[in-house]
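S.K.: If you want the building blocks of each chain, they are given just below.
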Amino acid sequence: MLISQRKEGEAVNIGDDIEIRIISVRRKVVLGIIAPRDVKVTTRKLSDFALENTMAAAHGLNREKPFAAPPEGEQCIVLSFPAKPRKIAKTDR
Amino acid sequence: MEIPEGLFGFSDETRFLLLEAPTARPIVFVQSVRSPSLCFISLPVRVIEPNYRLSLPEEDLNSLKIAGANAPEIGRDVLCLALLTIRERRATTANLRAPLVINIAAHRGKQVIVSENYSHQHPYLEARMSAAC
Chain A
1170 MLISQRKEGE
1180 AVNIGDDIEI
1190 RIISVRRKVV
1200 LGIIAPRDVK
1210 VTTRKLSDFA
1220 LENTMAAAHG
1230 LNREKPFAAP
1240 PEGEQCIVLS
1250 FPAKPRKIAK
1260 TDR
Chain B
-15 MEIPEGLFGF
-5 SDETRFLLLE
5 APTARPIVFV
15 QSVRSPSLCF
25 ISLPVRVIEP
35 NYRLSLPEED
45 LNSLKIAGAN
55 APEIGRDVLC
65 LALLTIRERR
75 ATTANLRAPL
85 VINIAAHRGK
95 QVIVSENYSH
105 QHPYLEARMS
115 AAC
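Protein chains in written order, with the working numbering: chain A, 1170 to 1262; chain B, -15 to 117.
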């Protein structure tokens, strides 16, 4: 890990097109980040969202629990928009 | 419905069906076409947060094939679903930070990360659901 001391107004550069600038340091550190459009800048790692999705899906896999999947044997409606909802056969899961 | 980029952690899953069961409304099941056992449980974001604001960067608008200068309107142009994580003995949470946005006209979706400060683990527990869990 690169650890670098910067003052307000100073910056760190990553590659040619990413700049992280220290805007202010008071109670909180305010960072300004300049990056190309295709670089996703987020305070959370994308892996956090992947983990959250995995946990969300875990329940979908668990058939013992209610709401795991569309209730068995119940008629479900496929939301096909903008056309009218279309009923399909009973779920067989 | 096509999600060309897949969902975070599920990049191979690009085709889903949205299902509603009359007894489980307003829950929307996001069912994978490829993997029968993969089904997410979701709620429209405004069921959870009535004032939910959705502003998408150009990159996301392009991949959703949303044209026009105006921001897409939830319910008219796009569906905006929060995936739910149901936890044992803890509040069910909704991912408001990375909702699944679906272009209604194009049947095309993307899981986006919104810049607003919503949580990806927004506590949400519907009484009906808590009774069932």
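By construction, these hints were calculated from the structure, which means they are not laboratory data.
Keep in mind that the hints are not guaranteed to be accurate.
[To be verified] DSBU-like cross-link-like pairs, simulated, lysine-lysine; straight-line CA separation at most 30 Å:
| hint | chain 1 | residue 1 | chain 2 | residue 2 |
| --- | --- | --- | --- | --- |
| 1 | A | K1197 | A | K1176 |
| 2 | A | K1214 | A | K1197 |
| 3 | A | K1176 | A | K1209 |
| 4 | A | K1209 | B | K49 |
| 5 | A | K1176 | A | K1214 |
| 6 | A | K1197 | B | K49 |
S.K.: If a hint holds in the structure, say so; if it doesn't, say that too.
M.R.: Hint check results:
Between K1197/A and K1176/A the CA atoms are separated by roughly 13 Å; this keeps the pair inside 30 Å, and the hint holds. Annotation: proposed proximity of K1214/A to K1197/A holds, straight-line Cα distance about 20 Å (limit 30 Å). The suggested pairing of K1176/A with K1209/A holds, with an alpha-carbon distance near 26 Å, which does not exceed 30 Å. At roughly 19 Å between alpha-carbon atoms, K1209/A and K49/B fall within 30 Å of each other, so this suggested pair holds.
Pair hint K1176/A plus K1214/A holds up; C-alpha atoms about 26 Å apart against a cutoff of 30 Å. The straight-line distance between the Cα atoms of K1197/A and K49/B is roughly 38 Å, outside the 30 Å bound, and the hint therefore fails.
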